[in-house]
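J.: Okay, here's what each chain looks like letter by letter:
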Amino acid sequence: MSMQTQNKQPFLSAGTLLLLLVVGLFAVVAIYRLIFGIGATTNLTDDVPWGLWVAADIMVGVALAAGGFTIAATVYILNLQQYKSLARPAVLTAFVGYVIVALGVFFDVGKPFSLWHPIFMWQPHSIMFEVVWCVVIYTTVLALEFAPSFLEGIGKESLAKAMRAKSVVIPLVIMAVTLSFLHQSSLGALFLLMKGKLSHLWWSTMLPYNFFLSAVAVGLAMTSFETIVAGRIFRHPVSMKILQGLARGTALALACYAVVRLGDIIVKGNLGLAFAGTRGSMLFLLEIGLGVLLPMVMLFVLSKGGKRDENSILFAQMLVIGGVILNRVDIVYLSQKVEGVTYTPSWMEFALTAGLVAIILVLFRAAMLYLPILKHAELE
Amino acid sequence: MMAKGVLVDLTRCIGCRGCQVACKQWNERKGLVTSFHGDFTSPVKLNSDTYTRIRFVESDEEKGPVWSFVKEQCMHCQSPACVSACPVGALNKAENGPVTYDFDKCIGCRYCMVACPFDIPKYEWNSWAPWVRKCSFCSERITDGMEPACVKTCPTKAMFYGDRDKVVDEAKRRIADAPDRYVNHIYGLDEVGGTSWMYISGVSFESLGFKMGLPTEKLPDYTWAPLSTIPFKVAGFFALLGGVAYLRNRGTQEDNVKEDKR
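Residue numbers (my numbering), protein chains in the order written: chain A, 1 to 380; chain B, 1 to 262.
One or more hints might be untrue.
Said to hold, decoys possible - Derived EDC-like pairs (lysine to aspartate or glutamate); straight-line CA-CA distance at most 16 Å:
id, chain 1, residue 1, chain 2, residue 2
1, A, Lys111, B, Glu124
2, B, Lys172, B, Asp190
3, A, Lys241, A, Asp309
4, A, Lys337, A, Asp46
5, B, Lys24, B, Glu62
6, B, Lys45, A, Asp309
7, B, Lys211, B, Asp190
8, A, Lys197, A, Glu339
9, B, Lys93, B, Glu124
10, A, Lys197, B, Glu217
11, B, Lys45, A, Glu339
12, B, Lys45, A, Asp47
13, A, Lys197, B, Asp119
14, A, Lys197, A, Asp309
15, B, Lys30, B, Glu124
16, A, Lys195, B, Glu217
17, B, Lys218, B, Asp180
18, B, Lys211, A, Glu339
19, B, Lys211, B, Asp119
20, A, Lys111, B, Asp102
21, B, Lys157, B, Glu170
22, A, Lys195, B, Asp49
23, A, Lys337, A, Glu157
24, B, Lys152, B, Glu140
25, B, Lys30, B, Glu58
26, A, Lys241, A, Glu310
27, B, Lys45, B, Glu124
28, B, Lys157, B, Glu147
29, B, Lys63, B, Asp180
30, A, Lys195, B, Asp221
31, A, Lys111, B, Asp104
32, A, Lys197, A, Asp46
33, A, Lys337, B, Asp119
34, B, Lys45, B, Asp102
Unchecked claim - Going by beta-carbon spacing under 10 Å, a handful of chain B positions derived as facing chain A:
id, residue
35, Arg29
36, Gly31
37, Val33
38, Phe36
39, Gly38
40, Gly64
Hints listed in this document are in silico derivations from the structure and should not be mistaken for laboratory results. Keep in mind that this is a model prediction, so the values were computed, not measured. Every residue gets a Cβ at the ideal spot worked out from N, C-alpha and C, and that includes glycine.
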């Protein structure tokens with residue numbers, strides 16, 4: 001078998017054309033936003049200063065890219081070689097994801113052309129400052145982790161080999177995990193200042209750990225989702241053993257998350273809030289019931305047994321992804337209720353977010369087709 | 001210079017809104033066209049052109065209905081959440097009290113607005129390069145030994161300006177001298193670790209719509225806890241992951257052989 005897929009498809013498919021259309025709309029909205037400003041583009045107000053872009057493009061984006069460090073740690077630190085075929089797609093997803101998160105931040109801040117300020121204007125008492133630095137350094141680390149795929153793709157084999165050496169990869173992965181722990185948890189720590197504004201169903205001094213644990217779970221869920229979907233698109237069968245391993249991992253991470261988050265709520269006597277019948281309590285029950293507990297049980301069951309039930313695994317992992325998306329959106333704006341205030345994102349907010357997702361998918365497709373990303377799996 | 005403070009004695013305010021006008025004049029903020037919306041509060045909310053306003057509140061008390069006039073502006077916290085939140089140090093707590101803003105540093109992340117326990121910072125949503133706007137405690141004026149514009153203009157001396165310690169003493173003295181005139185609470189003495197602006201009132205702060213149940217801890221302590229331990233976390237992670245990587249990879253081959261044979 002040659003290095004790339006033997007059943008190589010043309011880059012443009014009907015789906016890809018549709019994605020490029022969305023990217024085109026994105027470009028128009030992006031230019032409009034840069035010319036007319038954030039107020040003209042969004043439905044944000046003084047009552048809702050953070051909306052869809054912060055929730056989706058940043059909070060969700062970073063969480064969904066967590067597969068990059070969890071899989072890298074599994075393969076290179078735990079040395080579980082059976083998952084090696086997942087490493088390159090996961091690192092690719094994370095790298096593309098973080099670059100696009102940075103692009104999302106560029107459009108979300110009120111003064112995009114001042115975005116470089118935190119590099120020179122230090123304020124180490126700010127969680128936001130820490131997040132910026134972690135993301136900048138981690139994106140660099142991801143670029144280095146991604147380098148072997150790229151170098152092989154352009155035929156620089158000797159350089160690629162040097163970048164694949166354990167003495168290079170393992171220190172990079174150690175940095176990746178450390179930086180990810182710091183900024184995934186810090187995205188939660190951002191909201192520690194909101195004591196009294198955020199319901200105790202979300203606010204807790206455990207917020208950093210809740211964010212990190214849910215990121216680990218959703219990182220594995222995304223890897224599983226991607227492996228199955230990409231397997232179908234690029235006609236590349238997926239090993240059931242790998243999917244079951246991922247299912248077990250996701251379920252374990254969800255269990256840790258559930259114990260920490262629910263345990264904390266119960267110990268502090270706030271469980272009653274979950275059954276208060278308010279909008280917040282409904283969102284919480286939806287998040288925990290459908291996004292955590294149900295998929296946790298499903299994935300534990302599916303990870304055992306010899307039956308090949310790819311669709312059920314796919315469904316359960318999608319529930320996990322949905323649960324974490326809802327969690328981040330809840331915390332950023334949905335669960336907060338200011339009297340007389342409603343916020344529905346404008347069509348341009350949705351269009352820009354959809355455009356960022358489309359860019360990720362197009363870049364991912366290009367990399368899958370032109371770089372040796374799936375190579376490992378074929379050799380197994 | 002000593003940290004300054006202001007005591008707003010709500011029993012003395014007559015709701016003339018002279019402070020609103022003085023603030024607009026001193027800060028050169030444009031007036032807004034507003035319309036009647038059911039009470040005399042105008043505008044409906046603080047905004048990027050209005051750093052202070054008087055809120056008109058009717059409440060039912062034992063002695064009958066009471067009309068209160070509540071001045072709103074930045075509280076200038078002793079340990080401001082917004083200052084700790086800002087990633088570039090665009091917000092600062094000056095030694096003499098004011099929380100000030102530097103547009104040239106600001107990137108527009110709006111974390112200060114999310115972090116403020118009193119929802120004070122407002123944004124210039126209609127601008128291409130928006131400022132965060134809020135009361136500056138007339139920083140330049142008080143640094144030059146003057147009173148804030150609103151305090152200076154108040155015809156009933158509803159605001160008492162001075163060193164914060166003296167302001168607290170004055171609040172305590174007024175409550176002690178006339179315990180039946182005031183509720184026994186100095187709002188801002190302990191809220192979020194204390195604020196430069198404080199209030200005393202004849203009716204309960206709750207019925208006046210003040211934010212109740214705020215933590216008395218300094219809010220930035222909550223975020224400093226994870227931030228200050230970063231060096232230990234990094235060291236711990238490096239040691240743990242390095243150790244595991246060493247044990248798990250010991251004696252195994254350099255990279256996967258399969259991979260090198262394409």
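J.: Tell me the hint numbers this structure goes against, listed in increasing order.
T.: Structure breaks hints 5, 6, 9, 14, 17, 22, 23, 25, 34, 35, 36, 37, 38, 39 and 40.
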